[in-house]
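**Student:** Chain by chain, the residues run as shown.
Number of protein chains: 2
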Amino acid sequence: MLEQFRVNLDEAIFAQGEDLKRTAAGVFEKMGVPAEDALLAADVLVLADLRGVDSHGVSNMLRSYVTGYQSGSINPRPDWKVVRETPSTANIDCDRGLGVILAPKGMDIAIQKAKQVGVGMVTMGNARHLGMASYHAMLALEHDMIGVCMTSCPPSVVPTFGAEPRLGTNPIAFAVPSGNEAPFVFDAATSSVAGNKIGIARRLGAKLEPGWLVDADGTPIMEEIDAPDSYTLLPLGSTRELGSHKGYGLSCMVDILGGVLTGYGYGAVPGRPNFGHYVAAYSVDAFSDAGEFKTTMDEWLQMMKSTKPAPGHDRVLVAGQAEAEVEEVRRADGIPLHPEVVQWLRDTCSELDVACLI
Amino acid sequence: MLEQFRVNLDEAIFAQGEDLKRTAAGVFEKMGVPAEDALLAADVLVLADLRGVDSHGVSNMLRSYVTGYQSGSINPRPDWKVVRETPSTANIDCDRGLGVILAPKGMDIAIQKAKQVGVGMVTMGNARHLGMASYHAMLALEHDMIGVCMTSCPPSVVPTFGAEPRLGTNPIAFAVPSGNEAPFVFDAATSSVAGNKIGIARRLGAKLEPGWLVDADGTPIMEEIDAPDSYTLLPLGSTRELGSHKGYGLSCMVDILGGVLTGYGYGAVPGRPNFGHYVAAYSVDAFSDAGEFKTTMDEWLQMMKSTKPAPGHDRVLVAGQAEAEVEEVRRADGIPLHPEVVQWLRDTCSELDVACLI
Numbered sequence: 137m138l139e140q141f142r143v144n145l146d147e148a149i150f151a152q153g154e155d156l157k158r159t160a161a162g163v164f165e166k167m168g169v170p171a172e173d174a175l176l177a178a179d180v181l182v183l184a185d186l187r188g189v190d191s192h193g194v195s196n197m198l199r200s201y202v203t204g205y206q207s208g209s210i211n212p213r214p215d216w217k218v219v220r221e222t223p224s225t226a227n228i229d230c231d232r233g234l235g236v237i238l239a240p241k242g243m244d245i246a247i248q249k250a251k252q253v254g255v256g257m258v259t260m261g262n263a264r265h266l267g268m269a270s271y272h273a274m275l276a277l278e279h280d281m282i283g284v285c286m287t288s289c290p291p292s293v294v295p296t297f298g299a300e301p302r303l304g305t306n307p308i309a310f311a312v313p314s315g316n317e318a319p320f321v322f323d324a325a326t327s328s329v330a331g332n333k334i335g336i337a338r339r340l341g342a343k344l345e346p347g348w349l350v351d352a353d354g355t356p357i358m359e360e361i362d363a364p365d366s367y368t369l370l371p372l373g374s375t376r377e378l379g380s381h382k383g384y385g386l387s388c389m390v391d392i393l394g395g396v397l398t399g400y401g402y403g404a405v406p407g408r409p410n411f412g413h414y415v416a417a418y419s420v421d422a423f424s425d426a427g428e429f430k431t432t433m434d435e436w437l438q439m440m441k442s443t444k445p446a447p448g449h450d451r452v453l454v455a456g457q458a459e460a461e462v463e464e465v466r467r468a469d470g471i472p473l474h475p476e477v478v479q480w481l482r483d484t485c486s487e488l489d490v491a492c493l494i
Numbered sequence: 137m138l139e140q141f142r143v144n145l146d147e148a149i150f151a152q153g154e155d156l157k158r159t160a161a162g163v164f165e166k167m168g169v170p171a172e173d174a175l176l177a178a179d180v181l182v183l184a185d186l187r188g189v190d191s192h193g194v195s196n197m198l199r200s201y202v203t204g205y206q207s208g209s210i211n212p213r214p215d216w217k218v219v220r221e222t223p224s225t226a227n228i229d230c231d232r233g234l235g236v237i238l239a240p241k242g243m244d245i246a247i248q249k250a251k252q253v254g255v256g257m258v259t260m261g262n263a264r265h266l267g268m269a270s271y272h273a274m275l276a277l278e279h280d281m282i283g284v285c286m287t288s289c290p291p292s293v294v295p296t297f298g299a300e301p302r303l304g305t306n307p308i309a310f311a312v313p314s315g316n317e318a319p320f321v322f323d324a325a326t327s328s329v330a331g332n333k334i335g336i337a338r339r340l341g342a343k344l345e346p347g348w349l350v351d352a353d354g355t356p357i358m359e360e361i362d363a364p365d366s367y368t369l370l371p372l373g374s375t376r377e378l379g380s381h382k383g384y385g386l387s388c389m390v391d392i393l394g395g396v397l398t399g400y401g402y403g404a405v406p407g408r409p410n411f412g413h414y415v416a417a418y419s420v421d422a423f424s425d426a427g428e429f430k431t432t433m434d435e436w437l438q439m440m441k442s443t444k445p446a447p448g449h450d451r452v453l454v455a456g457q458a459e460a461e462v463e464e465v466r467r468a469d470g471i472p473l474h475p476e477v478v479q480w481l482r483d484t485c486s487e488l489d490v491a492c493l494i
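Protein sequences appear in the order of chains V and E.
So for the first sequence, the working numbering puts the first residue at 137; every next one is plus one.
So for the second sequence, the working numbering puts the first residue at 137; every next one is plus one.
The shape of chain V in the complex, shown without the other chains (with noise of 0.2 Å):
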């Protein structure tokens, strides 16, 4: 994430990630879901806010599954199923249940079925947001297992030439184990700046940065501007001399695997009020020794890390080294938030009869 989209320290009023935990928490339950998975809804976005994904957060996201469950379009209590399953595959009808909390069981089944024949793969169909993706992909890491997870969204990006949005954010997650060093761990929207961003540079008067945004015709908006209202985003790569066939391409992918794949349709179906999901775990020792693999991930993280940096630089990061950083700092200092959020959320507890700890 950008420095610029990070509040600013100054204003900020910190909060303990066990104390925001259980007051979000509080706030799930009020929307009638069960403490069990209150509490893991709460764990998800917790945990984006310690690792520094603000997109993701209590700060930023809570406020809107709040707004879905009070609206019914979210199901506080999905009855959610199994509809087709083989030795390595499921798909699941999510009863309209919040991604955040139905992702992490549907990767325990990935999980298992790695366990049993080596890979784990799926799908969730008529489900609600994920929350961030690479939470999900991390369970697969103390089982020694690589994780994936995508997520395809509502219509917000246009494919390339493209005067209309017609895919997601649609972001891609990776979490891969490792020994001494940080895991590999990648999450990335497949659009050039996540939406999420957006909202938060409004927010924070911040500026965009050339290529993240379309013009009204669909013409790609190549300098700084104010962050507007309303927006249609530029897949990665931005133009197609850039390569932004491929970000399209990508994010075309995860329309697939988790729209329409799951048969509860994909981002661009008319009003479709939903997301659809794919998770999956991959054994490393269904393809090599786990041991051996991860002093290896070591030594290729240690490489990639020690790359000598371009002027202007201090150092090359690797995916996820960042976020662990920020977790360090997060865990000992407490999370900054926005005065506006603490405010929000004191008022909302207060209006739903929780205590709030913030």
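Simulated from the structure, these hints should not be mistaken for lab results.
Among these hints, one or two may not hold up.
Identical copies go unnamed one by one, so any copy, or any two together, can satisfy a pair.
[Stated by the list, open to error] Derived lysine to aspartate or glutamate pairs resembling EDC-like cross-links, with alpha carbons at most 20 Å apart:
| no. | residue 1 | residue 2 |
| --- | --- | --- |
| 1 | Lys217 | Asp353 |
| 2 | Lys217 | Asp425 |
| 3 | Lys166 | Asp425 |
| 4 | Lys441 | Glu300 |
Fit chain E to the known structure of chain V by using the hints.
**Tutor:** Just chain E, lined up with the frame of chain V:
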């Protein structure tokens, strides 16, 4: 592929696909490759030529394979074997065999496993060049399966902020079955441009786009330049602001799945003269009804292609569409070859005593 990277049709010599295939197969046989494998290798190269993927066809690749066989770096009769296996996975030691020939065999194993348990996933270490990744992914289509193929290549791409290459161009290919529409076939390097295109640009005297290469010190070159003799590429996204950390992260993932996971090293292992491959097949029926899936894919493909275009563009394309269109033309009119390529092919055939049909 951008138009400036196509051979000028006025000076091109046209070859029928079947003639080019038989000629190339003859060259492979003279390298010591068994007849059946030689025909397979020629089929992979010529399909690239037919689909307009000139960077991976006879014209751009056969020469380097001949050099590899002649120097002893590629083994024409590899004793390849499965070294680890589960119901859904296998890992293969390729014994320095050409990926062009062995990846279809790996894909066959993946397809058989997907028939049994839903998903098949095969890693292939100690291999040589893959050829066009989508060839292997497309083998899944006739089985109503989604095909995936990736390859970990020797380093030519910098990490974001890096001044040294640490990753290969590490392509990702996906092929998805459809009904009446041409299948979705995505195949792209995770660098902002495929390395082979630089060589083609040099041969054709075409300019390179901004955002493709770095300067000697690792700074992204953001203006148009002539194709240099040696070069280091940028990851997809080109700069941090445009999202190059995403292209970099995806490239890492390919290096892990096609490299580290095989147990035979990764792209940047000093002196590793090899490539590692990853192929997978997902049975559509393991998730939802294959017939319904293909109907929905047709609808999805039509939706994407009918997107209103932005000013200056006639239409929106979907991955695999341009290639299918070129294939139709080239199957009828022949494959346009650069005169220099034809001269090399004729000289080589004469030297090796191969019947040249071009």
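**Student:** With 20 Å as the alpha-carbon cut-off, assign the pair Lys217 and Asp353 to within, between, both or neither.
**Tutor:** neither (43 Å within a copy, 55 Å between copies)
**Student:** At most 20 Å between CA atoms: does that hold for Lys217 and Asp425 within a copy, between copies, both, or neither?
**Tutor:** between (34 Å within a copy, 17 Å between copies)
**Student:** Can you tell me if Lys166 and Asp425 fall within 20 Å by alpha carbon in one copy, between copies, both or neither?
**Tutor:** neither (47 Å within a copy, 39 Å between copies)
**Student:** 20 Å Cα cut-off: does Lys441 pair with Glu300 within a copy, between copies, both or neither?
**Tutor:** Only across copies: Lys441 and Glu300 sit 11 Å apart there, 39 Å inside one copy, limit 20 Å.
In summary, the structure is inconsistent with hints 1 and 3 from the numbered list given earlier, while agreeing with the others.
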